[in-house]
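> In order, the protein sequence lines correspond to chains Y and C.
For the first sequence, position 161 matches number 161 in this note's numbering, and the numbering has no gaps at all.
For the second sequence, position 65 matches number 65 in this note's numbering, and the numbering has no gaps at all.
Hints were generated in silico from the structure; no laboratory data involved.
Accuracy of the hints is not assured; some may be wrong.
[Stated by the list, open to error] Computed list of lysine-lysine pairs in DSSO-like fashion (alpha-carbon distance at most 27 Å, straight line): (1) Lys10(C) - Lys209(Y); (2) Lys142(Y) - Lys232(Y); (3) Lys10(C) - Lys101(Y).
[Stated by the list, open to error] So these bits of chain Y aren't anywhere near chain C, every CB distance computed over 12 Å: (4) Gly12; (5) Ser14; (6) Arg18; (7) Ser32; (8) Gly42; (9) Val99; (10) Ile170; (11) Pro198; (12) Leu239.
Everything numeric in this text was worked out from a predicted model, so none of it was measured.
Where is the CB? At the ideal position from N, CA and C, for every residue including glycine.
Residues per chain, in single letters:
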Amino acid sequence: MAELTPFSYRPGKSFFHRSDVRCKLICFSLVSLSSLNAQAAGLGLLTFFLFIAMIHIRLSFRAVLWEMRYFLILLAFVFAARALSTPGEAIADLMIATVTKEGCNEGTLVCWRLLTVTCFALSFVSTTRTTEIKAGVYWFLKPLPFIPAKRVATMLGLTIRFIPMILNQIRETADAQRARGIENRKNPVYRMVKFIIPLMRRTFEDADKLILAMEARCWSENRTDPELSFGKSDWSAVLAAAGFFILMITM
Amino acid sequence: MMKSSGQLRKTVYASLFAAFISAGAYLAIPIGPVPITLQTLFVLLTGLLLGSRWGAASVAIYLLAGIAGLPVFSAGTGGIGQIIGPKGGYLIGFLVAAYLTGLINEKTSGLSGRVISDVAAMLCGTAAIYLFGVIWLKIITGMEWGKTLSLGMYLFLPGDALKIAAAVFIAGALRPIIEVRKEK
């Protein structure tokens, strides 16, 4: 996934690297859900924890900001919409609308919530191997009826493997077309069609080679996943996250 | 257990489409003020080329990868927080769109011409994406309807029209290739 985003897995020995993927997935979901209802005090606590965690796993703050640049623009929109549309005590009178105190508070809370969840996601990805995620997802789906857990885990693995392949193919196709002067064509439909047909056709050819290789190696769904171990520290992390979740929804 | 190589082929193709949808978020064609990403184009193509069941399975795998924390959603993010975040409605809409596009295409392809059936299916699919997307955006951000619609829908409609036009040609060119391979 390194080509999609700088937030691929980075090897390390921090607490987050060592904890079990299932523990991380549970905590991640609990924190995401609890932040929906969290007020300033809860979010402050969460942000403080997140700050310590990001220093602990050595995530670069500059890279985080760069990665979230589009997201931050969206947040600015959300904040502005809240600040202008919530009725309350006016603090600034613009030409078309008034900025209210309540609106600013509301907007800050909403943006803060979304921001903490996104930072959690980035921390999770940079401390968890893809194979571990696959094994974790399989473990969670296994007890569910009607869901072929092994098939799903396999498809997940294949998808992750295909993404860099597609991105490579995109780069090659775009270079080839630029070399042939595609920029002179202004019709967007023409450009999309002429770009996607060769892209998909070539990718399907690669996928067919993969299928052939899988069949030739007598591939089956019964594979050995990385061993997962849920230790004492994982239990305490899940308990802490659950405690936080209960605190947030009752507050 | 996989029953036959046909099953394996479908599994691989569905995974491939999930990867296309992930990569589509990064593929932007600059037209007018808003660059249009090709993500929804791939969602619609998934429904058209794989059919309702495998199309929906493909989008479900994409969503699952995102929920499990892999950075496949736009802006390199993932996690359940994105599903309940402002753009979550569109993501759920993708699932319905792929299924609906596939279903309508399967039901109507015998009745009318291929192109009409493709366009009708994709129009319904696009409508499903916006239905879920805009309502959820409104709930999460608390903006007024007018603002939500212009920010979450009107801005993208010209791009969608272009994508549907392109998808008709693309589906026409790729369908024979995929169908022959599926039968092999």
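> Going through the numbered hints above, which ones does this structure break? Give me the numbers in ascending order.
3, 7, 10 and 11
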